[in-house]
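Chemist: Protein chains in written order, with our numbering: chain D, 1 to 258; chain L, 1 to 135; chain R, 1 to 617; chain Y, 1 to 155.
Treat the hints as calculated values from the structure; they're not laboratory data.
For each residue, glycine too, the CB sits at the ideal point set by N, CA and C.
Worth double-checking, as some hints may not be accurate.
[As the list claims (entries may be wrong)] Cβ pair distances, simulated, as ranges:
hint, chain 1, residue 1, chain 2, residue 2, range
1, L, Lys-28, D, Asp-58, 42 to 50 Å
2, L, Asp-104, D, Asp-37, 16 to 24 Å
3, D, Val-166, Y, Asn-142, 47 to 55 Å
4, Y, Pro-20, D, Arg-107, 26 to 34 Å
5, Y, His-38, L, Arg-34, 41 to 49 Å
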Amino acid sequence: MVTIQINGKLVQAEKGEMLIAVIRRQRIDIPALCHHDAVEPCGSCRLCMVEITKKDWDGWSKFVTSCLYPVEPDLIVSTHSPRVVELRKTILDLYLARSPKSEIIQRMAAEYGITQTSYQEVPDGDNCIMCYACTRVCEELGCNAISAVQRGHKKIIAPPLGEPPVDCVGCLSCANICPTHFIEWNDDNGKRTIWGKQFELVSCKICGKKTITRDFAEYLVRKRNIPANYFEICDDCKRTELTKSMGKIVIAAQEISK
Amino acid sequence: MKYRFVIDPVLCTGCRTCELACAFSHAKNLKQGRSRIYPLSHAQDKYVPITCLQCDDAACVKSCFFNALRRNEITGAIELDLNRCVKCMACVAACPFGCALFDDIHNEVVKCDLCKGDPACAHFCPTKALKYTKL
Amino acid sequence: MRIESAKHLQQLQGEYSADLNRFPQKVLVCCGPGCLANGSEKIFNEFKKILSAKKIQGITVEALKKTGCHGFCAQGPLVVIEPQGIFYTRVQVKSVAEIIEKTLAGKEVIPRLLYVSPENGRKIENYKEIPFYSNQMRISLRNVGKIDPENIRDYIALGGYQALAKALTTMQPQQVIDEVNKSGIRGRGGAGFPTGRKWDTCRKAESDIRYVICNGDEGDPGAFMDRCIMEGDPHSILEGMIICAYAIGSTSGYIYVREEYPLAVINLQKAVEAAREYSLLGENILDSKLDFDIKINRGGGAFVCGESSALMKSVAGDVGEPRAKYIRSVIKGLHDKPTVLNNVETLATIPVIMNNGSDAFASIGTKKSAGTKAFSLAGKIKNTGLIEVPMGTTLRKIIFDIGGGIPNKRQFKAVQTGGPSGGCLPESKLDLPVDFDTLTEAGSMMGSGGMIIMDDRTCMVDVAKYFLNFLVYESCGKCVPCREGLYQLYTLCNNITEGNGKEGDLELMENLSQNIQIGSLCGLGQSGPNPFLSTLMYFREEYETHIREKKCPAGVCRSLITYEITDDCTGCLACIKVCPVSAITGQKKKKHFLNQQICDRCGSCYDVCQFNAIIIK
Amino acid sequence: MEKVMQNDLSKIADIIARNPKEPGSLIAVLQDIQKEFHYLPCEALMETARVLGVPMSKVFSVSTFYNAFSLTPRGETIVRICQGTACHIKGGKLIQEQIESALNIKAGETTPDMKFTIEIVNCVGACAMAPVIIVNNDYHGNVKCDKVKNYLDGK
């Protein structure tokens, strides 16, 4: 355990824990777009930056992304110092120029008093804010179906060669983790489409309800050793089946005890 | 593990108090959550409360790539860390008993977490068909 | 050939040196990038052809050396005859036979090929008397231009690998580090981090494996010092790396070299192979139980890979995106192991420190920046080329005494140092002594050592725009301030050059710049606004003229200028010949006419007009 | 994308086999393929991914990140225009425009007859003779606007 100071208050933190976790535990509202507990931090959105200093730093301070800075003893953290707030404003302003239609960006910017970007809107700007959440989640799954392509301002997230990604299993993790809901997909008529690739959805053997994609089910069987028959029926029918078999046992037990 | 959740189906009358208790105790933003327990009927007036069995070698835990499902060693429950969940539905599909669920109201995956050690369902069960007992 | 021990190496040096000096004269043909581009390869081949055919005055083809850059690129192709030091400039293939006949056979100097002093028109025979050379002090470039980089024997003959032998046989690793520390050498790659401290931290980091990486990804546009060392004296880099490996306890090293420098890749590869053959790389080097080998990695062409963590990712075969460095790479670098990353020039300097001692090195330069620094001079300067001077030399001395000043009687306006991370310094800063700290204080930085000199025909807003464009293109795109911020900064700057600047733009840009500096993930973004901020600091009125009067005082921003032909036109036809779009028409001895509709304002006519009859409005 | 011939496929396999079969070889393998074909055929990318055990997405990411790689076939003659700082202030941009208009393509493009490709390079380290263009492997220094066409003739 180490003790650090956040906005003037002494706080206990686990050694090696990232600052953002400690800050959020204190119910201090600190914005972040690329941070998600499910994936490794990458520090691309820069919104969670805080100003840190120590007593023996002679008044010198530095700016770090709290999602990527492990706590150290005697750290003095300001989450809303004037410079940090100014920095967040600039970043949100830049985001607003890039993704003016994104609701979450609009909302976050408004919280920092920005309703209109100071800059020129980026031509063809879309809602992808290049936070890498989708590629990181895909990497974590071990699929690596999509990646960042090109570099700099031209960078986009795309499947290899811009074609339907061979390694995608259609689990929707990327679409779900995307903070701006940019990744499009749809389920229709027992088929799921994402990244231009079509997947067959598994139908429940009993009621026909659609669950996950066949590819994802097979992936779970292969990678995580889960019996294939677990994926044959839906959760509702599984409970009904369980009730039936439990019921038989209950009745049999009652018979015996009589 | 220090406690065990015990279900006695014989005592269950299908009153669905547990469902209500569960939904209320997991309410967020004044909206009730989806119940994690269901007293289902298997014969005339005979019910079995179905909820997560907190399996030892749990398929849901195995299916999660993000370490979002972890066992609470004190309560014995497999808890879902919503901050780590990306709604891939692997656990929902993998649970052989259909006890990992998707809550359309809160738009999140839910499963029984034994209310962190004080299961509301057991608390309110009028017939004591549900019990949470110390080992 | 296996070199068994330090003693064996010493014996070989004697042999090789005698072998090298067995000819009465040597011919050194510069094959540096500048001279090569001017056809020095053909000159070398001509020498080779003639000298292979017959022996002249005891000189065989073996006395002919294809060397690295001699430095004075503006006068290339260069041929030097040693030991007299006769310096032939702008040599052509047809002069080769003459040089052989007159100078080699007849010991006669050819005045036509000598360097002419621009001050008094005197022809200077020995290069050591030319101000360009006499004002220099060469340490990292000590062998460049003097030896055949492809021949390890040349390097050994000049005392190469003796520093390694000294370190391995007479010093403990910690002593080596202490010596480097005491010398006060700071990293020549730009940031100027003390090299000894870096090695020390790496040595003390707990790990079974440590790596040495040489950063040869010289990405700064306008800098070519590292290229010249890699091409002209690759063994000095290897020697520095092996010494470093011994000091920190590493067994494997990498040289990351730009693929845009194909000759550097080839020469380094050959050097590594030769060093292996001589057992200077491999197992039990010089019988000291040190095992070390080097692998060469070619860069893929990304400026950001000059950044340490990006470079290490690239060495590992990944996309060169930097990572946030709360753990420094000396502790957790390549493959998460402690790694020393040093610049080419730094490593090439290490053997000199070992040989001459730390005190000798520390006595050169300034108190906080010891030693010498290599610079490449380019842009609007007479003596473009490669130089090395003690730290603390003033910009004025570098630009005017060594560099010869500004050509075409134009006015000095600014000098750009430090590449895209650096800045532009105006005339008022010319007396600054050049070292790491003064340049940073003045709003620029040392960088890797590129110096671009600008005259009054250079628009500072355009220069800032150029660098911003470069950085937008080279940004890896990982973090927002760099990806979006630099893009917006470029857009605003571009608007100004196109006459669409507004009041308040400069303030917005300043604010944005400050936030990019503190908000970016790596050095590229953090220093990205420097070219803009430094030009704004010293040339604010130029920005304001662009915004308020919609004029470009330097006559560069094409949306803001027009060219006109005045009555001074003598009708010489010169401008008509050079106009690439045929916008100028006219007859001999009659005032020419410029069609503004066709003119694309390239300025070719302006530059060619000898009568100042073309003006910029 | 052009179909790669059968003997090209074996060439690709040879190139990959020259390097250690590990993910760290990725950039080196792609550089060798680029050198051989002057671009990266998509079959080569897939084969590289398979042999080195690197996800295809990463291969694609790397091959689009670095300047050295091109995913489209290049022309016979590659005209590289240096846009280093020294070249820029000495009029490199004008040279670029002249070359673009002479070949009627933009930088980064290839003429429809597959004869020329224009590439922009950020400094080739030959700043002493700025502005510089490189036609295939021949350096041309102190390039003048009106002489640009001469360097392209006969290619």
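Chemist: If a hint holds in the structure, say so; if it does not, say that too.
Modeler: Results of checking the hints against the structure:
{"no.": "1", "hint": "L:Lys-28 / D:Asp-58: 42 to 50 Å", "verdict": "holds (47 Å)"}
{"no.": "2", "hint": "L:Asp-104 / D:Asp-37: 16 to 24 Å", "verdict": "holds (23 Å)"}
{"no.": "3", "hint": "D:Val-166 / Y:Asn-142: 47 to 55 Å", "verdict": "holds (51 Å)"}
{"no.": "4", "hint": "Y:Pro-20 / D:Arg-107: 26 to 34 Å", "verdict": "violated (50 Å)"}
{"no.": "5", "hint": "Y:His-38 / L:Arg-34: 41 to 49 Å", "verdict": "violated (59 Å)"}
This entry does not satisfy hints 4 and 5, going by the numbered hints stated previously.
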